[in-house]
Each structure stands twice: as C-alpha cells, then as structure tokens.
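J.: With the hints as constraints, model all of the structure from the sequences given.
First residue of the sequence shown? That's 69 in my numbering, and the numbers climb one at a time after it.
Honestly, I wouldn't trust all of these hints.
What the hints assert, rightly or not - Below, simulated DSS-like cross-link-like pairs (lysine-lysine); rule was C-alpha separation at most 27 Å, straight line:
#1 299 to 313
#2 93 to 327
#3 303 to 263
What the hints assert, rightly or not - Here are the simulated distance ranges between beta carbons:
#4 107 to 296: 34 to 44 Å
#5 263 to 394: 40 to 50 Å
#6 269 to 138: 43 to 53 Å
#7 127 to 263: 25 to 35 Å
#8 214 to 297: 40 to 50 Å
#9 428 to 324: 23 to 33 Å
#10 437 to 219: 13 to 23 Å
#11 391 to 300: 28 to 38 Å
#12 413 to 143: 14 to 24 Å
#13 424 to 150: 23 to 33 Å
#14 217 to 324: 43 to 53 Å
#15 98 to 413: 18 to 28 Å
Keep in mind that the hints were calculated from the coordinates and are not lab data.
Positions of the beta carbon are idealized from the N, C-alpha and C atoms, including for glycine.
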Amino acid sequence: MKRLLSLFVISSLLFTPQANAVPKKPVVKPLTLLATVGSADEFAGLVVSGKTIVVYGNKGDKSFAKALDLTGKELWTLELDKASPSVATAATVDSSGNIWLAGSTSLARATPTPSPSASVLNPDKTIPIAEIFNADLDAFSLWSLNPTTQALAQYTLQLSAPILINSIAVAKNGITAVGSSGTIINADVAGGISKPIVIGTESTVFESVVKNTDGSLTVVGSSSETLGGKKLVGKVDGVIIKISKVGRLVSVVRSSEPKASRKWLSATNSFLLGGEVITGPKVESAVTKFSRTYVPSWTYRFASTGKTFTAGSSFAFFQSKGGITQLANWAPKNPQALLLSFDAQGVITAGYSAPAQQREVLGFFVSKDLGPLCITSSAETVSIYTLN
69 MKRLLSLFVI SSLLFTPQAN AVPKKPVVKP LTLLATVGSA DEFAGLVVSG
119 KTIVVYGNKG DKSFAKALDL TGKELWTLEL DKASPSVATA ATVDSSGNIW
169 LAGSTSLARA TPTPSPSASV LNPDKTIPIA EIFNADLDAF SLWSLNPTTQ
219 ALAQYTLQLS APILINSIAV AKNGITAVGS SGTIINADVA GGISKPIVIG
269 TESTVFESVV KNTDGSLTVV GSSSETLGGK KLVGKVDGVI IKISKVGRLV
319 SVVRSSEPKA SRKWLSATNS FLLGGEVITG PKVESAVTKF SRTYVPSWTY
369 RFASTGKTFT AGSSFAFFQS KGGITQLANW APKNPQALLL SFDAQGVITA
419 GYSAPAQQRE VLGFFVSKDL GPLCITSSAE TVSIYTLN
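T.: Here you go:
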C-alpha cells in the first residue's frame, strides 16, 4: 500500500497540469506584404472603407486621396482642393464607410508664385514641412469623401494662425480634430465647424483624440507649460486631457519623469496609449493601458526610434532597436518594425516583424475587413503589411 502511495506522489510531481506550466515565449513571425503605395514624401496616411484602401497625402502644394484594391492597383484619385494650396494630414472613417479628412487650406485663393529659374539642389528629393505648411494655409479644412461614388465635399473655417492637424475622430455626435498650439476643433456631420477650443499655447501639441460615449473627449499629446494647474515635471511632459461635452477642461494627467521629454502619440477607444520617451541619449516607446479614469493598468518601455502606434485594446506598432525578453527570438541588429499583441492583463501574446529594409514606421490601422495594416517606408517606397 505504501509503495502504491509513493508511486502516486511521484507521478503527481512528474505530470504537472499544463495550466501550471510556464508559458512559452511567443516567436516573432514575419508580416506579409499586401501592397506598395508610392513615395514616403507624398504619403500622409491611409484608412480603409470596406475592402478599399484610401491613401491620402500631399504632392507639392496640393492634397490628394486615392483608392487602391487589395493588390495595390489604383482605382481612382482625387485632388481635394482644386482652388487653393492645401494639406491633408489626418483621416478617419465613420460607421457608414464615409471618409473624413482634415488639414489646412488657404481661403485667400492666391495665385501661386512662379518658380524661380534657378533650382536648388536637392538630390534626395525631400520636401521640408515649411514648403507645404506655410503662412498661407491659415484655414482649417474638413473633407467628406464617399469612396464608392467619389462624391467630395469641403468645409472650411478661417483661423487666426496656421495649425497642423494631427488627428481626427468621428462619432454620432460629430467630428473632432486636434493639432498644434493646443487646438481642438469640433464639427457636425453636416460640415458645420465650431469655434476652436484652445488649451495652452504653441508649447502644447495634441497628437490623438478619442470621442467618449458620454460626449466628452480624451485628448493626448505633449506640453511644456502649466495646464489646468498642473505644472511641468520633465523637459516636456506627455499629457492626457479630458474635455467635457460642452468644451470645458475637466482634468489633466501629466507624465511624472524628471529630465525626460515625453509625448503620447496615439490613443484608442479602449485607452491603449503609445508614446515616445527620450531621456538623455536613450529613446524608448511607451505602451500603456489606462482605465476610464486614466489610471495605468499595465505599461511597457521598449528601446526604439520613438514613434509608436496603438490600435484597439491589444496592438502596438513601433521601430524596435533592442531585444525584448518576453519574445523568444527578438534581438535586431538594426531598428526593425515590430507589431506586438497583448492580452487583457498586458501579457505579450504575439509578435510580427517587417523586413529589415523597412526603415520607418508610418502608421497603423485596424480594419474590420482586412485586420491589422502596418505601414512602413523603405528608402524608395511606402509599404502595407498584414498578418496573413
């Protein structure tokens, strides 16, 4: 009897239930190239309506939108403002599949200045921001685009000074765009644009906006000035700001790292935020899940080139430049685009990488029909990668 009992105890020790076993580290898998979409100099972003990919951007002093099928074949292209110089810098899709784009234009409708006879040498063909975003672009522009019929409508509002729009969000209660100089602009779905709300000065930049179900807004970005009574802690602080549905400042949450330059670059409806942290020579991507009251649930720091995009409650996309202990096979020699997925507790469940020649992450979009789309650029072109 004692012998049988001993054998039972030994068997119990040898055959531990799988649920108690140490989970295996995820193996990073390659992303799959879906399509290439042109030059990085002209690319501003993309959105998806159904199975149509709509790329928007700026060529010279003109903004455009073009539709692609899943092979990258161009279906149509539109100039967004035929009468004036303009830039399109943010876009989103509403529940009906209509695309809303935001940017800047000039209501002066001035005649373009003739090009000088002597051209400046520019072998890399770069387009400095100053050349496409200038003092003439001092009006906010909102475009509504039906990707099926290509019906296009434009709505504008003269501003006191130019701003750069970084993000736009749409819901049943309207549209909100945010950008430089602490600017928040609301509009209704009929194109009626309200007077801008300004929080701070040029020392505050808003990078992303979430329209909350109660009509309030969550706006994230960076600031090096006092906001809502909350003083600067680091060199530049990442900020999370709540605005009531009537446009009043409700709360300000600042990062609390002395000597650091921080900014939140992306935010989702589930409050998964991605940002950049620079402390001396060290650059990191911050990925943090917040509660509805802006309390951190879990957070990560990854060595990176800084730019970080989040989507939904479980994805972060950035240019990784160091090993990650939670992954089985990740130690890039050079910065490489990496997509991570997380579970509800913040555990890394999967990783996917783009080829090493992709030098920069440009954006990240999750489509109901196409799934996650990772946008990167090489020296020559912009590429879209998927998980399939």
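J.: Decide, hint by hint, whether the structure agrees.
T.: Cross-check of the supplied hints:
Straight-line distance between C-alpha atoms of residue 299 and residue 313 comes to about 25 Å, which keeps the hinted pair within the 27 Å bound. Restraint check for residue 93 and residue 327: not satisfied, since their Cα atoms lie roughly 34 Å apart, outside the 27 Å limit. With a C-alpha separation of about 31 Å, the suggested pair residue 303 and residue 263 falls outside the 27 Å cut-off, and the hint is violated. Against the hinted window of 34 to 44 Å, the Cβ-Cβ separation of residue 107 and residue 296 comes to about 41 Å, which satisfies the hint.
The beta-carbon spacing between residue 263 and residue 394, approximately 47 Å, falls within the hinted interval of 40 to 50 Å. A beta carbon spacing of about 45 Å between residue 269 and residue 138 agrees with the range 43 to 53 Å that was offered as a hint. The given range of 25 to 35 Å is respected by residue 127 and residue 263, whose C-beta atoms sit roughly 32 Å from each other. Against the hinted window of 40 to 50 Å, the Cβ-Cβ separation of residue 214 and residue 297 comes to about 45 Å, which satisfies the hint.
Range check, residue 428 to residue 324: Cβ separation about 30 Å, and the 23 to 33 Å hint holds. For residue 437 and residue 219, the hinted distance range of 13 to 23 Å is satisfied, since their beta carbons lie about 21 Å from each other. As the Cβ distance of residue 391 to residue 300 is approximately 33 Å, the hint placing it in 28 to 38 Å holds. Here the CB-CB span from residue 413 to residue 143 is close to 42 Å, at odds with the stated 14 to 24 Å.
A hinted range of 23 to 33 Å for the beta carbons of residue 424 and residue 150 is inconsistent with their spacing of about 41 Å. Under the hint 43 to 53 Å, the C-beta atoms of residue 217 and residue 324, about 50 Å apart, fit the expected range. Residue 98 and residue 413 have their C-beta atoms about 27 Å apart, which keeps the hinted 18 to 28 Å range intact.
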